[in-house]
Structures are given as C-alpha cells and as structure tokens.
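Participant: Chain by chain, the residues run as shown.
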Amino acid sequence: MADTMIEADGLFKSYGETRALAGVSFSVPAGSVLGLLGPNGAGKTTAVRILTTLARPDAGQAGVAGIDVLAHPAAVRRLIGVAAQDATLDGLLTGRQNLVLVGELSGMRTGQARTRAAGLLELFELADAADRVVKGYSGGMRRRLDLAASLLTRPPVLFLDEPTTGLDPVSRQRVWEVIRDLTGSGVTLLLTTQYLDEADALADRIVVVNHGQVIADGTPRELKERSRSAHVEVTLAEPGPEAAGVIAPLVGGQVSVSAHGLRLSAAVDSAPGLATALVRALDQAGMLVDNIEVRQPSLDDVFFALTGAQIPGDNNGSGAKGTSAGHAGPGASAAERESEGAQP
Amino acid sequence: MTPAIAQRPRDAAATRLIAHGAAERVRNVVSMTRRNLVHISREPMQLSDVTIQPVLFTVLFIYLFGGAIPIPGGGSYTDFILAGLLALNLTTSTMGTAVGLATDLHEGIIDRFRTLPMWRPAVLVGRSVADLLTACLCALVVAVTGLAVGWRTSAGPLRVVAGFALVLFFAYSLSWVAACVGLNSKSPESAASFGFIVLFPLAFVSNAMVPTQHMPGWLQAAADWNPVSAVTAAARQLWDNPNPSASIAAWPMQHPIEASLAWSVLILAVAAPLASRYFRRRTTE
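One line per chain: the protein sequences are Z and P, in this order. Going letter by letter, the first sequence gives residues 1 to 344 in the working numbering. Going letter by letter, the second sequence gives residues 1 to 285 in the working numbering.
Just chain Z, with the same shape it has in the complex:
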C-alpha cells in the first residue's frame, strides 16, 4: 500500500452550538486525489481547516505526510499548499505582488518567487491582469490567483477547497486541466466540492460527508455500483401482457408497464450482462424487443440514495451543475461560512 499522505482520524469539531464535524475519518494515499463531497454545511471546509493547521479539532487526530498536524503545525505548513474557499488574497496588491509575497513568506528568494509567479500567471491566464490591483479582479480571476498562490512552492500536498465554485465553464475546464497535470506529477490532493461531476472527473476516491459525518467512501465506480439506482427500460415491438412476468425475476423487483403495454421499466442493481439476459428471456418468450437501455446511475443518484436528500437546488441531475442556486449563490456560501465559523 502506498504511504498515507493525508489522514483524518475521528475528527470532532463544534463552533458554539453548531456541530461541524462528528467523527470524520479518511485517508489519502500518496499521489492520489481524494474528493470530499457534500452539500453546504456538511463539514468539508472544517475538515480542511483542521488539516491545514487553521483550526484545532475538539477531538481526533490529523496527519500530513506522517506529521502530526496538531503537534507540529509549523512543519506541516512547509509541505502544504492551500486554496481556501474564500479567496485569501490581498486586495490592494497586484496579482503579481500577491504571488511574490506568498513566495517570499514561504521561504523563496525574491527572484525565484518572481520567476515562478510569472509562470503561474501565464498558466492561469492572468498574465494580462498581473499588474492590476486584485480588488478589481472578477470572482473567477481571484479564484485562479488563489489557486496559483497555493501552487507557488510546488508543495507535495495540496488542499483545494471548492476550487471551481463561482468559475465560468471555461475557467472550470482550465482548472480541471491544471489539476489533472498536477496529479500526474505525484502531488497528493484533497479536493472538496459540491459538484458531483467534478469529483467524478478528478478524484481517485470520493468521501461523501453530510452533517459532519462520512456517509460513504469509495471510488466513483464503487459508489455508483453500491447504489441500487441503475435503470432499465425495454420497448417492445408489440404489447406483451406477460412481458412483465418474464423479466421480473431478472431485475429482482417491481416492473412498471406503460399504458399501451409497450414500454417496461425497472430499477435494477447494475449487473454485468443484464441487457443480454433480458433480451434473451423476452426472445425465448416469443416477444420482439425494439429497444433496451440500461442507464448507469449518476453520482447525483448515488448522493440522493445515500443522503435521502438531493443537493439543494440541484434537482435535475447532471445537466444542472454550476447553474443551480445552491452552488453559486453568495448567500449559500455565507451560510456555510457562518455555520462552520470561518472566524472564531
């Protein structure tokens, strides 16, 4: 097994009356990407704040690269890069000055920091705005600059808290590309997101948190297979009243039949070869199949199955991402900040 680079073990944390974490554990092997997935207020940011030395848990342990975060925060800070959910930039400095400052404070020489900053500004397509004051940046530009700041010292362990929240689709793709390049270079990454497709696209493993607890943990594929939410739909050439009886044993559950008796549908466990088995059974019963479709569950379905609740505002599956109110609304993120206590 690869070395564990990030480890959370039984983390508890409350801010006043609000319980942000109620026993969260997970670990990230070296060189892999963990997606911490959950709705607003689930405790994702709190977990990141603890692992990045910003907050102390009420109970539990945290480790980065084998170093105890609580006992040796200063050592951990030499190894991590952090892009927080609220862009942590100096509004009165230019983009370039921000990066150089972060570089210098991380122990880089000024010249070295300037060179690296120029490269990152190019990478994140901020070169044109590099010498403008950050106060005038758009939200997307700030997030990209914040990401650049987290990469400045090429840290082996990265924490990105909702790195694409508030980005337009083009910037989002750009950030995804950068993240993919990073993970190819051996960086260990913890990424929090509310976007299921983002976790699906970038993460090797996904930990789903809700109400301060881990409710599922696995690869994107495992999580999809675990939920019984694949769907099969069969269209017959002619109405066949006995068709439902034929396929019922194969799908192991309720089969619903459309009004004309032409279309049959059922929720199924996604099993290999299911479509073949269904067609063969119907054929043997003398019925012609016009069309058959087995739809794999999306992570939205998984999330719904796990939490019994949909992502707020995200009510039409994978098509709605990035546009629903729960994602981009400043009110929603302020609510999470409040419930997770960004300031003591």
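Be careful, since some hints might not be right.
[Claimed, not checked] Which residues of chain P face chain Z? A partial, calculated answer using Cβ under 8 Å: (1) S31; (2) R35; (3) V38; (4) H39; (5) I109; (6) R112; (7) P117; (8) R159.
The hints are simulated quantities; they were obtained by calculation from the structure and are not laboratory data. It should be emphasised that the depicted structure is a prediction, and the values quoted were computed from it without experimental measurement. Just so you know, even glycine gets a beta-carbon here, dropped at the ideal spot from N, CA and C.
Put chain P on the given structure of chain Z with help from the hints.
Facilitator: Okay, now just chain P, sitting in the frame of chain Z:
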C-alpha cells in the same frame, strides 16, 4: 489505529522544517513591511495624518495660540511648541496601526498567512516597522514646517537627531499598544475610536501644547507624569528650546530623557508580548 500519524519531527530534518533562522525572520519582516507600504501607496490619503495634519496643526497652533500663551521662563512659543507638535502628531498617528491590524484581521489574507511557513510575528513586526517609517515622514514634515515658520535650535546636529529619535522611539512603543487595541477590535471603525478616546487626551493632557504651570493641581500632576510630557520635555531639553517643565519638581520633569526612555521601554516590554498573545488568540479556532 493511526500508525501513519507519528510524532515524527524528532529528527534533524524535521526540526529544520520548523525553525526560522534570523535571516528568514528578517526577510519575512521586510516582505510584510513592503506589503504595508504598498497599501499606503495605493491609498495615499491614509498618509494625511502624518503629512497634512502636522502642517495644519503647526500653522494653527503657532498663529492662533502663539501670542496668547506666555512661556514661564521666557522664550518664543514657536520654539516651545515644535517638540510638542512632534509628540502630538506622532502619538495620534499610531491610530493607523490599530486600524491597519483590525482591517487585516477582517481580510481573507490572514488565513493565507496562517497556512504559510512564515515567522508569524512578522505580521505584527512588519506593521510596526511600516508605521515607524511613516512616523519618520511625519517627523520630517513637522521639522520642515517648523523651520518654515521660524523654529530654530542652537543645539548640535547630534542632539537634534537624538531629540527626534526619542520621540520616534516613543511613538514606536505606542504603536504596539495600538496593535493590542487593533487586535481586540471588532471592526476597523471601532479601532479608529481608540484615537479619540485614548490618544487625543493622552497627547493634550501634557506639556506638549501649553506649559502645565497654569493647570489645576490634579491635572498638572497627571500631565507631569504623562509619558508624552516626558518625551516632549526631553526633546526641548536636547534642542535647547524653551522648556518650562524644567522648573517642576516631579521626577520625570527633572529627568525627561531618562523618563521618556524608561516609559518607551516599559510600554514596549508590556505591549509587544501582549500583542503577540492577542494575535495568537485572535487567530486560533
């Protein structure tokens, strides 16, 4: 259950990860100082209290009160007031430290600093150094304005510089008190009220503007033991300017140089550790 989380940094390499050498500390302070100076350059009106205010005060005090206030022991009011104006302006300008730190704590940038492997006190020290540099600018403005309206000193250059240095050192120590206030303020606005509630009375209940001889007894006692009085009297003594406080028996007025140094050291020794404790407390969650 968690063998991966070891108390590892026992070995030399890990210790090197944690320690900040003197050179690194200095570099961090320089970076933070530069950041604060860039802030000032973006909003030059921030500098009005060390540029416009001293000019205004100098002109106002000399032409409004100059004729009306007799100096016990004789001498010109212009020569008398200059040290007082310097102390007044530098004392009230430390408000900028309180406001600046309170503002920093409300910006996301403080979380960035907290995840960097920097020497944390550089946030405070960098602020105080930047404020000392603006205080130097303030001193220069006061001196030039004073010379323009007729302030003269017969003291040698070393004594003149020593006078400015004493007042600047006092302002530096006071900026750490302001830092404590800024670190305990809920907002930059409430940090600003510190100026009016504390700094203005501190500057005015002193011998800076008027000789204390004419004050009621209790007020005179307060004024004679006010550190601003000691600092002002020390500068007057070093510059060979009229110093009516020399005839007052209170110890700080008899030994103003020693007294102002003692005040500054004492204030610094109390306020600086306190400020770093407040900083740690404000940034712990």
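Participant: Does each hint hold? Answer for all of them.
Facilitator: Going through the hints against the structure:
1. S31: Constraint on S31(P) satisfied, holds at 4 Å.
2. R35: Holds - the Cβ of R35(P) comes within 8 Å of chain Z, reaching about 6 Å at its closest.
3. V38: holds (6 Å)
4. H39: holds (5 Å)
5. I109: Hint holds; I109(P) Cβ to chain Z Cβ min 5 Å, cut 8 Å.
6. R112: holds (4 Å)
7. P117: Nearest chain Z Cβ about 4 Å off; hint holds.
8. R159: violated (39 Å)
Hint compliance for this structure: hint 8 alone is broken.
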